[in-house]
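2 protein chains.
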Amino acid sequence: MANPYLKQYLMTAGPTPLPPAVSQVMAEPILYHRSPAFIEVYARALGRLKLVFQTQNEVLGFASSGSGAMESAVANLTRPGEPALVASCGKFGERWAELCQAYGAELLHHEAGWGEKVDPADLDRLLGENPGVEVVFTTLAETSTGVVNDVRELTAAAHRHGALIAVDAISGLAAVPIPQDEWGVDVVVSGSQKALMSPPGLGFASPNEAALGRAATAPRRGYYFDWLKTVAGQRKDPPDSPFTPAVSAWMALNVALGMIEEEGLEQVFERHQLLGRAARAAVAALELDRFGPHDDGANVVTAIALPDTVDGSDVPKTMRDRYGVTIAGGQGQLKGKIARIAHCGYFGAFDIVTTISALEMTLRELGADVELGVGVGAAQRVFLDAGVPVAAPA
Amino acid sequence: MANPYLKQYLMTAGPTPLPPAVSQVMAEPILYHRSPAFIEVYARALGRLKLVFQTQNEVLGFASSGSGAMESAVANLTRPGEPALVASCGKFGERWAELCQAYGAELLHHEAGWGEKVDPADLDRLLGENPGVEVVFTTLAETSTGVVNDVRELTAAAHRHGALIAVDAISGLAAVPIPQDEWGVDVVVSGSQKALMSPPGLGFASPNEAALGRAATAPRRGYYFDWLKTVAGQRKDPPDSPFTPAVSAWMALNVALGMIEEEGLEQVFERHQLLGRAARAAVAALELDRFGPHDDGANVVTAIALPDTVDGSDVPKTMRDRYGVTIAGGQGQLKGKIARIAHCGYFGAFDIVTTISALEMTLRELGADVELGVGVGAAQRVFLDAGVPVAAPA
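So the sequence lines, in the order shown, correspond to chains D and F. Following our numbering, the numbering of the first sequence begins with 1 at its first residue and continues without gaps. Following our numbering, the numbering of the second sequence begins with 1 at its first residue and continues without gaps.
Chain D extracted, bound-state conformation:
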């Protein structure tokens, strides 16, 4: 029997698909981490990270997942027995709370609810009620629900009360804007495997002087994730890493950052906006419910509340096993209830077309009342209305 579904499509919010040039550079012979050839890659990538973080701060790189970089923020900014405020709205926001507890901070946990945004007014009120809080942890794009928080306003609220703010932008960085220096965010945390179009294995944190100053007076910062160790190494000329860097991952990251630089960060944001708009138009045309707030800023992941008539866990499973299209379902309390279409990183128009197409076929197969092509058509219209660049990029 003929199989037209032999190709595999990765449509998840991390690891995200890699551009071929990024994958291929990892097949090159490994470099000694103190060789001039690697130091050139490392210095270049560190410089390019500053452009993507939109900061003058040193962007610290760790061989770790994004959670390791989150731990670095908690290890360097919290103190045992002192209060720390976490403002969360999903699974990854809750990770901040777990981290603060693991480090013995006195946790104040504001849970906005899965699918809700964190309201800056709530943060303002809570900080007013708890004047001892010196550090706030929150999330830019909550991958578990698709919600994108208003980090500019959350930062302003924290600063009104003299608190520092650390933001998990693991899936959001380079997908939606978070101009660190312009907004005054004290620490932005990210990872390589989302919109940075690189393999998982590198975590980043970009503390400003205030955050580094707080770290310097911490009674204990751990060792591997101690910011002062890494900042001292990276500020050397040439830059050095206190521990063996993940050489291949840095080589890949440098190629990916070069592609972002070439496309232009503003164009990258616009592309994500367009992909998000097309995905939302498809969902609306299919008369499916979007999960979470119906705003136009959720351009990292589109979460769909699945119809009650289908078993939600069957949707990603069928899409993957029958059609070769891997999307993510719900996590934690949303397991079986939502499907998540990612558009963060190396995604283009026909990735949305493919994913919506497979979703339509899957829902039809699972017995839902879906007219084939309706969602795809709505996405196509969004793309056509946006116009086509005159010359395709080389």
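Certain hints may be false.
In this list, chains with the same sequence are indistinguishable; a pair is considered to hold if it fits within one copy or across any two.
[To be verified] SDA-like, lysine to any residue: derived pairs with alpha carbons at most 20 Å apart:
#1 K335 to R214
#2 K7 to D311
#3 K50 to L372
#4 K50 to M259
#5 K317 to Q101
#6 K7 to P36
#7 K317 to D240
#8 K236 to N3
#9 K236 to V25
#10 K7 to D181
#11 K50 to G348
#12 K229 to L372
#13 K7 to G81
#14 K50 to E153
#15 K229 to T318
#16 K7 to E28
#17 K317 to A37
#18 K7 to G213
#19 K317 to Y5
#20 K229 to G104
#21 K317 to E40
#22 K91 to R34
In case anyone wonders, no lab produced these hints; they're calculated from the structure.
We have chain D; now place chain F onto it with these hints.
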């Protein structure tokens, strides 16, 4: 002018050169970490790690450098204010001491001296004098000096006093024997980028039940390096990782471990022994001094005490810049005093020939009295005396 030195040779003890099949698998499209295709790779690699660690314990994998895996041992086994004994003989042993201090343990630091072995009798005596010590940290192969410690006897000494022992085998694992279960080592720590012939970015720790039991009663274990989180994930069927695993690095590791399995662990050890013997014969023939104890177990790195007549820092620099052969010089207090020839991982006879040849040419160029070919000839004799396998491996 003709340049016969256009090829680059990586002869360092980490990152070590990768077999082409290991590099190439990293160029494959990235996999979703919860996809059946990745889970198969992950489960297979986890199983193969047990063979290399020679243990029934779960070998925990972290997206980190080897130092991150060392931190996991300190985070899970030490307690603030309680004593921890570090027995060191070089730069990486001292890292254990720094880690214990970063975690607030009461540090007892036995420094055997750079280039010396840790004497099991000293450990025995120290533990007798300090009956409160419940955990010992030491090193298998001290990469900074080439010394390989007698971990079997050090383990026996620790156990005689009821202490657990954690061993840094980052550069030693799969180069020299450390049969964990047979010797009863409580925790072996390693990294991907040494004799495991994989890119840097994965750290490992293999706690036995006693070590996991101690971790379970720890007041605090951190978060990212908390053994109980990772062991719970890996023991699931299928195994899962609490944080996004470094997918490409695991794909590479799985290929490399398959190659070790095919060669056979005993043959791998014998190959390292032979490479070490050849390197030592070359050094002796060149009438250079070996740095460190003159035993036959130092089969990871051969350290050479450079003649006073040359500036030691010039040796690795000249070898690299003029001949394309990258070796490491001395670190820390040995900077400029020694040269280190690595033979851990994907190294064969002609890597030794190439390295010794470049060393001879370099020393001659730097004005030392060296007869060209004498070191190479001695290495060749060792290899020929050992015989040639009848059929080359496929």
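So, going through the hints one by one against the coordinates:
no. : hint         : verdict
1   : K335 to R214 : neither (39 Å within a copy, 34 Å between copies)
2   : K7 to D311   : neither (25 Å within a copy, 58 Å between copies)
3   : K50 to L372  : neither (44 Å within a copy, 50 Å between copies)
4   : K50 to M259  : within (15 Å within a copy, 40 Å between copies)
5   : K317 to Q101 : neither (35 Å within a copy, 48 Å between copies)
6   : K7 to P36    : between (40 Å within a copy, 15 Å between copies)
7   : K317 to D240 : between (44 Å within a copy, 18 Å between copies)
8   : K236 to N3   : neither (56 Å within a copy, 33 Å between copies)
9   : K236 to V25  : neither (26 Å within a copy, 34 Å between copies)
10  : K7 to D181   : neither (42 Å within a copy, 44 Å between copies)
11  : K50 to G348  : neither (25 Å within a copy, 42 Å between copies)
12  : K229 to L372 : neither (56 Å within a copy, 44 Å between copies)
13  : K7 to G81    : neither (53 Å within a copy, 57 Å between copies)
14  : K50 to E153  : neither (22 Å within a copy, 50 Å between copies)
15  : K229 to T318 : neither (47 Å within a copy, 30 Å between copies)
16  : K7 to E28    : between (26 Å within a copy, 14 Å between copies)
17  : K317 to A37  : between (44 Å within a copy, 14 Å between copies)
18  : K7 to G213   : neither (51 Å within a copy, 46 Å between copies)
19  : K317 to Y5   : within (14 Å within a copy, 54 Å between copies)
20  : K229 to G104 : between (22 Å within a copy, 17 Å between copies)
21  : K317 to E40  : between (43 Å within a copy, 17 Å between copies)
22  : K91 to R34   : between (39 Å within a copy, 17 Å between copies)
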